[in-house]
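Those protein sequence lines, which keep their order, are chains A and B.
Numbering of the first sequence is given in our numbering, commencing with residue 1 and proceeding in unit increments.
Numbering of the second sequence is given in our numbering, commencing with residue 1 and proceeding in unit increments.
Hints are computed from structural coordinates only; laboratory data are not their basis.
Note that the structure is predicted; figures quoted are calculated from it, not measured.
Errors might be hidden in some of the hints.
Some chain A residues flagged as far from chain B (calculated, every beta-carbon gap over 10 Å) [what the hints assert, rightly or not]: (1) E3; (2) R5; (3) L9; (4) T54; (5) E79; (6) A86; (7) A108; (8) Y119; (9) Q124; (10) P125; (11) G165.
Here are the simulated SDA-like pairs of lysine to any residue, each with C-alpha atoms no more than 20 Å apart in a straight line [to be verified]: (12) B:K174 with A:K80; (13) A:K186 with B:S106; (14) A:K186 with B:T107; (15) A:K80 with A:S52; (16) B:K56 with B:Q8; (17) A:K186 with B:Q175; (18) A:K186 with B:G172; (19) B:K56 with B:R11; (20) B:K174 with A:D62.
Pair by pair, the computed Cβ-Cβ distance ranges are [said to hold, decoys possible]: (21) A:S71 with B:E63: 32 to 38 Å; (22) B:L53 with A:P131: 34 to 40 Å; (23) B:L53 with A:T104: 27 to 33 Å.
The beta-carbon is built from N, C-alpha and C at its ideal position, and this holds for glycine as well.
One letter stands for each residue in the lines below.
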Amino acid sequence: MSERRRALLIAGAVVAGLLLVGLVLWLSRRDGSTSTRDAGGTEVDSTGPMVSVTLYYPSLSDRRLHAEERSIPESTREEKVRSIVAALLEGPQSQMLAAPLPGTIELAGVFFGEGGVIYLDLRQPDQERPPALGSLEELLAVYSLVDSVALNTPGIDRVALLWNGSQPESFSGHVDTARPLTPNRKLLAESP
Amino acid sequence: MVPPRQRQGIRTIVIDPGHGGSETGAIGASGTEEKDLTLAIARSLARALERRLPVKVVLTRSEDLQMSLDDRTALANQNKADLFVSLHVNSSYGSSAQGAETYILSTEASDERAADAAAAENQSGEGDGDPLYDLQLILWDLSQTHHLSESLRFATLVQEELNSALELRDRGVKQAPFRVLMGAAMPAVLVELGFLSNPTEEKHLESLDYQNQLVDSLVRAIARYKTLVESRPEDRSGTGDTP
Chain A
1 MSERRRALLI
11 AGAVVAGLLL
21 VGLVLWLSRR
31 DGSTSTRDAG
41 GTEVDSTGPM
51 VSVTLYYPSL
61 SDRRLHAEER
71 SIPESTREEK
81 VRSIVAALLE
91 GPQSQMLAAP
101 LPGTIELAGV
111 FFGEGGVIYL
121 DLRQPDQERP
131 PALGSLEELL
141 AVYSLVDSVA
151 LNTPGIDRVA
161 LLWNGSQPES
171 FSGHVDTARP
181 LTPNRKLLAE
191 SP
Chain B
1 MVPPRQRQGI
11 RTIVIDPGHG
21 GSETGAIGAS
31 GTEEKDLTLA
41 IARSLARALE
51 RRLPVKVVLT
61 RSEDLQMSLD
71 DRTALANQNK
81 ADLFVSLHVN
91 SSYGSSAQGA
101 ETYILSTEAS
111 DERAADAAAA
121 ENQSGEGDGD
131 PLYDLQLILW
141 DLSQTHHLSE
151 SLRFATLVQE
161 ELNSALELRD
171 RGVKQAPFRV
181 LMGAAMPAVL
191 VELGFLSNPT
201 EEKHLESLDY
211 QNQLVDSLVR
221 AIARYKTLVE
231 SRPEDRSGTG
241 DTP
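Bound conformation, chain B alone:
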């Protein structure tokens, strides 16, 4: 008997408020800490998502505590999340940089990490003959290479919504070797909501109205991506991939 196939969908979303505890993240000129902003916006986003969409939302942290980057992704994997959104606030060397930006994992970082894992296995002999170890490696490799194109699709929608709400010039989706995006077995993006190093933007980011604008943009992007995924023809291969 053929087991029933589960239709693709976005049911569980993990929202990751960047930093926490003694790891403050960026600090603005007037003392605003990245970890506090990301937590406030993540909480607000979680409430808005559960109110407006039929999804379950999991926060990697719901209070001011320190958490490793790998534990954040692990939590998303354990919850079998369909989407991982890490929220951050940026800072630059000068004070002129501004605007929100959406990142996915850089392909070089993805490739290098896969090469490192394979080289480590070959060198140490660790995992030789251990099917669980081999499986872990294969799963990791699949996790980002298979999800990178989906991450790009989702990131494009996020950036479109942020550009539209904040009237930003489109700088496109960016790629970087961000640790928190590695190892996620689902489409994963990191959103930089603005620059704390820009005093005007620091003031905006502290205001509830501006935070609500950001949250609305993210909810719209997630809703659009959910519709996109769920309106695709049913996958008959069983791999979850769409050609």
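Okay, chain A solo, but in the shape it has when bound:
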């Protein structure tokens, strides 16, 4: 095979490869199946209907919970709660706010109980105890979760927080978490 013929064959193969990649990309866009990440960082199909939720994050300066709007995919009630908690743990968009708990904490389970109670089972790999927090941090962390979940989920009136499957009398030694908690609107900053 001559040098010229070999070069033509290689060039042809490269062009064919590029055409194939282009075709695959074009078909995938035409199909509309683009994927994106939801408020909690989970990869989701964003072409389906989305719903808006209001999340409440602790402030760095004023001892209140501040609202941030997010869009999450419309899905089952459990998936909605999982998206809300994931977004809270991932942190706020505003630099004036904070994630309520360290990002290494994860939601192990969601259970729906009787009488409008939801159980959120939290855990942190290799950590037997919930994180050490001051009372103000604990108050804002607990109600960041309670208010964000209860105020965005119809039919949920109270939120019980579990750690590694059991309900502690308090997460960090201050706030009573031994019973399901109702939302605390007094901690919410007034809307701008």
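Please build the complex by placing chain B on the supplied structure of chain A, with the hints as guidance.
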């Protein structure tokens, strides 16, 4: 024969150093742990109170050990304490928060817990016909609802003394659903002595002089409350309530 009435007074005070053992509480930027500060200040406060006032002081813990929140209140109840003071050091998400704050149990938390107890009794039937169970429920309900106004009176004095000693802007007494204040059968307050998340305040809190200032403020507040309670007209109803 009518039994002699015991005059109201502040004779036994339970001081509760927050946290302990593996439960460190808040941790400052330079590593100061809340549990160590609360224990040091509680010990100092106990010594100062017994030296300056005719009272018996009981510490919920006098060493670095873990203790449940309910056990702390139970200890106060078992000792028939007249006052319960839980000492803590705070931490916030930002580093600017500072100052001491005094908390009493929030009324919502008190009401919700009473409702929970009643609902649990109704649902499970537990305690039906058991006078001891009913009595426990009634005692619990009485413990905070009757003592909440006294807790507020005492907390106001504590905050006044702390504001004066530390030159703080008065932010008033705060209310929160703190577990350690639930179930105490006496006026109960939780004092946050400062913010470990504020590096300047962390340094202050570590200094003995600053700790002594805090202790002096708390002793003055307790002395004022003791005088207030003991100068009230004698209660003739036998309930211990003052109109």
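Verification of the hints:
| no. | hint | in the structure |
| --- | --- | --- |
| 1 | E3 | holds (69 Å) |
| 2 | R5 | holds (70 Å) |
| 3 | L9 | holds (64 Å) |
| 4 | T54 | holds (19 Å) |
| 5 | E79 | holds (29 Å) |
| 6 | A86 | holds (20 Å) |
| 7 | A108 | holds (21 Å) |
| 8 | Y119 | holds (15 Å) |
| 9 | Q124 | holds (15 Å) |
| 10 | P125 | holds (18 Å) |
| 11 | G165 | holds (18 Å) |
| 12 | B:K174 with A:K80 | violated (34 Å) |
| 13 | A:K186 with B:S106 | holds (11 Å) |
| 14 | A:K186 with B:T107 | holds (13 Å) |
| 15 | A:K80 with A:S52 | holds (11 Å) |
| 16 | B:K56 with B:Q8 | holds (15 Å) |
| 17 | A:K186 with B:Q175 | holds (11 Å) |
| 18 | A:K186 with B:G172 | holds (16 Å) |
| 19 | B:K56 with B:R11 | holds (6 Å) |
| 20 | B:K174 with A:D62 | holds (15 Å) |
| 21 | A:S71 with B:E63: 32 to 38 Å | violated (53 Å) |
| 22 | B:L53 with A:P131: 34 to 40 Å | holds (39 Å) |
| 23 | B:L53 with A:T104: 27 to 33 Å | violated (48 Å) |
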